[in-house]
Amino acid sequence: MKEPKRYLVTSALPYANGPLHIGHIAGAYLNADIFVRYLRLKGKDVAFICGSDEHGAAITLRAKKEGKTPREIVDHYHAIMKKAFEDFGIAFDEYHRTSSPEHHQMSQEIFLHLEKKGSFEVETSKQYYDEEAKQFLADRYIMGTCPNCASERAYGDQCENCGRTLSPLDLINPHSTLSGSKPVLKETSHWYLPMAHHEQWVKEYISEGKLDHEQHHDPKTWKAHVVGQCMSWIDGGLQSRAMTRDLDWGVPVPLQGAEGKVLYVWLDAPIGYITNTKVWAEKKGRNWEDYWKSDDSQVIHFIGKDNIVFHCIIFPIILKEHGGFNLPINVPANEFMNLEGDKISTSRNWAVWLHEYLQEFPGKQDEMRYVLASIMPEQKDSEFTWSDYRDRVNNELADILGNFINRVFVLMHKYYNGVVPEISGTPTQAEEDAGKQAFESYQQIGKKIEEFRFREALAEAMNIARAGNKLLTETEPWKLVKSDAAATARILRSCLNFVADAAFCLQPFLPFTSEKIREALRVNWCSWDELGQGELMQTGHTIGSLPILFEKVTDEIVGAQMAKLEASKKASQVSVVEPIKDNIDFESFQKMDIRLVKILEAEYVPKTKKLLKLTVDTGADKRTVVSGIAEHYKPEEVVGKTVLFLANLAPRAIKGIKSEGMILMAGNETLGLSIVQPEKSMNAGDTVK
RNA sequence: UGCGGGGUGGAGCAGUUGGUAGCUCGUUGGGCUCAUAACCCAAAGGUCAUCGGUUCGAGUCCGGUCCCCGCUACCA
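All letters in the first sequence, in the order written, are residues 447 to 1135 by our numbering.
For the record, the hints were derived by calculation from the structure and aren't laboratory data.
The structure displayed is predicted, hence computed values, not measured ones.
The beta carbon of each residue, even a glycine, is placed where N, CA and C say it ideally should be.
Mixed in with the good hints, there may be bad ones.
Stated by the list, open to error - Capping the alpha-carbon separation at 27 Å, the derived lysine-lysine pairs in DSS-like fashion look like this:
#1 K789 / K826
#2 K894 / K826
#3 K1101 / K810
#4 K649 / K826
#5 K860 / K894
#6 K488 / K511
#7 K528 / K1135
#8 K962 / K894
#9 K860 / K739
#10 K739 / K451
#11 K1087 / K1135
#12 K751 / K1056
#13 K730 / K488
What the hints assert, rightly or not - Here are the in silico distance ranges between beta carbons for each label pair:
#14 D491 / G1005: 39 to 49 Å
#15 W924 / G809: 24 to 34 Å
#16 N970 / G871: 50 to 60 Å
#17 S791 / Q875: 50 to 60 Å
#18 N784 / Q1123: 32 to 42 Å
#19 G683 / G1065: 47 to 57 Å
#20 C972 / L701: 34 to 44 Å
#21 G986 / K928: 45 to 55 Å
#22 E705 / K1087: 49 to 59 Å
#23 A670 / S791: 38 to 48 Å
#24 G1065 / E1033: 15 to 25 Å
#25 D533 / T874: 40 to 50 Å
#26 L507 / S1034: 24 to 34 Å
Assemble the whole structure, with the sequences as input and the hints as a guide.
Now the structure itself:
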């Protein structure tokens, strides 16, 4: 591929229904920021674009739950995220938002263009509408009686009792699971993107990197899991997808007769990349189209692995169908980051929140940037632990980098009053080696960044400091100063240049630290390509002083963060108490046969994750029950236990096994499920009243 | 369950087109003392998840099995 003139780099638009955590940062923001900062150092023309994704049903649901308006929700999180990004040094050119008028306009223009061109297929159908909740109901929000097996708990898309696939219209006595009311049928139309029409070229684009039969990119430069996931999608056949929704929060569909409809959030969100580019360009007096439509521009999307097919297949289809837009040259999706052995989870409050970190660790952005960059989930999931944070900050940042810089500053001031000495004589082998190593590292850093190997790039930058440490220890200038002034001067001047080189190369990764060092050195940086060509520190230049760059992380800090995680986990348990359900009469209660049963046998249901097949003694008979508890109890743990049981629940087939009744358990999201047992020793068959 | 990705010394990871298994941290021993008890050197430690196949030769290619992650299914 030829060198482009411009780059358009995007990071996934974060969804504005919660704050940012370190998993987000390591997934799609820090890597993009490093990449962009590097390109800028190379003197490239780059637009780095992001913004809040503020539409979609999840936000309206959350608003409803919290008694707020969607606008209040997104305003709140947009502000938190924007500030957190800024404070953390993620240097977007533009961080805009999809609820803005500019974005609505852009999305509608693109939609209209496609509509006029006939890119969509409009399908009209009758769908259930909940008059109380004032909205159309997705299939799974409707329940009713199955026409096939008469189960009363069939969903709008499928009856889980008999396994039959249904449409909501098949249900007898349908009711809305949102309000409980009886929904009415209303006609509604939606605009579908017939992706099957595009299968041919998409396949070529992903597997061969060809677009319109011309080489567009080298697919070998794409990550394996990105290509893999796309190909599996394509091979499975591309289905039409509705690009509109019946919802009152989003970008309105700009057509007659489409009142109450909005663009599907997954359509409008990536268009946000375009809007936000335009917003930025207009502020800067540039032409946004240069970045999106010009032959000599490249588009790169940084995202997490949950977004792959959208960015590699669906959005490219929209862009190509629209015409004129560049398709991404690469989509370097990262995998996920775990936290202390567990998945990061917003709902369970198991996360290190970026805005909280910034508050609790003021001035320590680079420490977190370093750690996250070191463990980015580039090829597979990775794990953040506070003890690892401590080790990396202490052993690498403080001991190797910080200490090296400190050694050099101290020696420079001690021997030369901070003035760069003149050099003479022939360098020794050790000096040559160190210089070679530093140069090699510097070269590698750029190469690795361009290959999206940020962890290796960072390690290479650290190698410059390592080379410096080695040179100092091997040549021992504190001894040499008494015997060989020329050699001492050469070595310290080299080391000082290593400090400058390291600080320079670390700019994309540790911008705050880099700047501190630059100020102390009192130099102006050159461009990236000029770095290897001469020394940054010249004869006669006087350097300033530099305080200790990195404080050690104590065990107390680690302990406090661990305690905080545990505490917030517990707090989240308390906060998710379910509201009391509507009253029922005593007769309804009496209808239920709740009793104690003894579990006689238990085994896993093959090919499932959550199911156990149990044989229980109800006192009156023995029966088989399938229970979704396998993630919480092993078969041998439940055998012999006396547990609560709902005995007169209508039988139901699960995975081909007839289940007659239901084991009752206590449960919450954090701790999972727990068997409820009688406090005294009671018998199987005893009823619960 | 289907699909995709992954399983490499104590921990975290790299291993591009098949040719003696590397890196960082940790551990052990030694050196040094300018420096944030920091730095440098050396050593120990891996049947590359597992079984079988292709090959003169496989961590690297092919097939089976197990485990982890994501989407998906199951959860009365």
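Legend entry - K789 paired with K826 [C-alpha distance capped at 27 Å]: Holds: K789 and K826 sit about 14 Å apart, inside 27 Å.
Inset, instruction - Take a look at whether the Cβ-Cβ distance between G1065 and E1033 falls inside 15 to 25 Å. - result: Hint holds: Cβ distance 24 Å, inside 15 to 25 Å.
Legend entry - Distance restraint between K739 and K451, which requires alpha-carbon spacing of 27 Å or less: The given pair, whose Cα atoms are some 12 Å apart, holds under the 27 Å limit.
Legend entry - Straight-line alpha-carbon gap K1101 to K810, limit 27 Å: violated, 53 Å
Inset, instruction - Mind checking the hinted window 40 to 50 Å against the Cβ distance between D533 and T874? - result: holds, 46 Å
Legend entry - Consistency of beta-carbon spacing, Q1123 to N784, with hint 32 to 42 Å: holds, 33 Å
Inset, instruction - Would you mind confirming whether the straight-line C-alpha gap from K730 to K488 stays at or under 27 Å? - result: holds, 20 Å
Legend entry - Whether the CB-CB distance between L507 and S1034 falls inside 24 to 34 Å: holds, 29 Å
Inset, instruction - Return holds or violated for the Cβ distance of N970 and G871 against the range 50 to 60 Å. - result: 29 Å Cβ-Cβ, so the 50 to 60 Å window is violated.
Legend entry - Given hint K894 paired with K962 - CA-CA distance at most 27 Å: holds, 25 Å
Legend entry - Pairwise beta carbon distance, C972 to L701, judged against the given window 34 to 44 Å: About 55 Å separates the Cβ atoms of C972 and L701, which means 34 to 44 Å is violated.
Inset, instruction - Confirm or reject the claim that W924 and G809 have a C-beta distance inside 24 to 34 Å. - result: Cβ of W924 to Cβ of G809: about 32 Å, so the range 24 to 34 Å holds.
The structure is inconsistent with the numbered hints 3, 5, 6, 7, 9, 16, 20, 21, 23, although it conforms to all the rest.
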